[in-house]
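Student: Heads up, the sequence shown is in the working numbering, so the first residue is 434 and it goes up one at a time.
The set of hints was computed from the structure by calculation and includes no laboratory data.
All of these numbers come straight from a predicted model, not from anything done at the bench.
Note that CB positions come from ideal geometry on N, CA and C, so glycine has one too.
Incorrect hints may have been included.
As the list claims (entries may be wrong) - Simulated pairs of lysine to aspartate or glutamate, DMTMM-like, Cα-Cα distance not exceeding 20 Å:
hint: 1; residue 1: Lys525; residue 2: Glu463
hint: 2; residue 1: Lys474; residue 2: Glu442
hint: 3; residue 1: Lys536; residue 2: Glu498
Claimed, not checked - Label pairs and their calculated CB-CB ranges:
hint: 4; residue 1: Asp556; residue 2: Arg612; range: 38 to 46 Å
hint: 5; residue 1: Gly595; residue 2: Arg439; range: 36 to 44 Å
hint: 6; residue 1: Glu452; residue 2: Glu544; range: 26 to 34 Å
hint: 7; residue 1: Phe560; residue 2: Asn601; range: 23 to 31 Å
hint: 8; residue 1: Glu544; residue 2: Glu616; range: 36 to 44 Å
hint: 9; residue 1: Asp519; residue 2: Gly608; range: 15 to 23 Å
hint: 10; residue 1: Pro459; residue 2: Asn601; range: 35 to 43 Å
hint: 11; residue 1: Ser490; residue 2: Arg465; range: 22 to 30 Å
hint: 12; residue 1: Gly529; residue 2: Glu600; range: 39 to 47 Å
hint: 13; residue 1: Gly608; residue 2: Gly584; range: 19 to 27 Å
hint: 14; residue 1: Asn531; residue 2: Glu600; range: 18 to 26 Å
hint: 15; residue 1: Glu506; residue 2: Gly595; range: 20 to 28 Å
hint: 16; residue 1: Glu544; residue 2: Arg450; range: 23 to 31 Å
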Amino acid sequence: MKTGLRLPEVTFRTRVRDESIGGDNPFRWEDRTTGDYFAGKRVILFSLPGAFTPTCSTYQLPGFEKNADAFAELGVDDIYCMSVNDSFVMNKWAEGQNLAKVKVIPDGSGEFTDKLGMLVAKDNLGFGKRSWRYAAIINDGVIEAWFEEPGRCDNHPEDPYGESSPENVLSWLRGEAARSAAE
Numbered sequence: 434m435k436t437g438l439r440l441p442e443v444t445f446r447t448r449v450r451d452e453s454i455g456g457d458n459p460f461r462w463e464d465r466t467t468g469d470y471f472a473g474k475r476v477i478l479f480s481l482p483g484a485f486t487p488t489c490s491t492y493q494l495p496g497f498e499k500n501a502d503a504f505a506e507l508g509v510d511d512i513y514c515m516s517v518n519d520s521f522v523m524n525k526w527a528e529g530q531n532l533a534k535v536k537v538i539p540d541g542s543g544e545f546t547d548k549l550g551m552l553v554a555k556d557n558l559g560f561g562k563r564s565w566r567y568a569a570i571i572n573d574g575v576i577e578a579w580f581e582e583p584g585r586c587d588n589h590p591e592d593p594y595g596e597s598s599p600e601n602v603l604s605w606l607r608g609e610a611a612r613s614a615a616e
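Let the sequences and hints guide you as you build the complete structure.
Tutor: See the structure below:
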């Protein structure tokens, strides 16, 4: 389990919209660090094998988006979706998913995912190195709760999904809120 561990320090290469650039592609590079995303906040981070993939696009990402208000009511400041994809891919996927609440983090080189111990080979699917599916509640850069799909290994023949589902994370948060209220 990774509960209690501090997240690895990484710089993420992102592309952000900047209307001052003009033209058909008004985006510029902006480096963001682990601290920029996670310091001083309680957030949900979930990671998945790839943008535009079936389970990720049909269940996991839309589920976190749909439940964003419920998560906020339970003390979650932001929800981040990470994948070992570049910023161009992550931004286009976010646009295609009509995201209003969940924010995407590109881990293009897989550096964060590797330092977290979640980088696996997905060569059997033609993906190369990708993230194993997980979700976490992060409090000021420290892992408060960890939800990892079973069977993490290279070239896993299946794509397990359930532990890291938004419904499971929401259930855990509701349980924590009930325990706190009872104390």
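Student: Would you mind marking each hint as holding or not holding in the structure?
Tutor: Hints versus structure:
1. Lys525 <-> Glu463: holds, 17 Å
2. Lys474 <-> Glu442: Holds, because 16 Å separates the two Cα atoms, which is no more than 20 Å.
3. Lys536 <-> Glu498: Given pair Lys536, Glu498 holds - Cα atoms ~9 Å apart, limit 20 Å.
4. Asp556 <-> Arg612: 38 to 46 Å: holds, 43 Å
5. Gly595 <-> Arg439: 36 to 44 Å: violated, 27 Å
6. Glu452 <-> Glu544: 26 to 34 Å: Holds: the Cβ-Cβ distance is about 30 Å, inside 26 to 34 Å.
7. Phe560 <-> Asn601: 23 to 31 Å: Holds - the Cβ-Cβ distance for Phe560 and Asn601, about 24 Å, lies within 23 to 31 Å.
8. Glu544 <-> Glu616: 36 to 44 Å: holds, 40 Å
9. Asp519 <-> Gly608: 15 to 23 Å: violated, 37 Å
10. Pro459 <-> Asn601: 35 to 43 Å: Distance hint for Pro459, Asn601 holds at roughly 38 Å.
11. Ser490 <-> Arg465: 22 to 30 Å: Given range 22 to 30 Å: holds, Cβ gap about 24 Å.
12. Gly529 <-> Glu600: 39 to 47 Å: violated, 23 Å
13. Gly608 <-> Gly584: 19 to 27 Å: Hint holds: Cβ distance 25 Å, inside 19 to 27 Å.
14. Asn531 <-> Glu600: 18 to 26 Å: holds, 20 Å
15. Glu506 <-> Gly595: 20 to 28 Å: holds, 23 Å
16. Glu544 <-> Arg450: 23 to 31 Å: Check passed, 24 Å falls within 23 to 31 Å.
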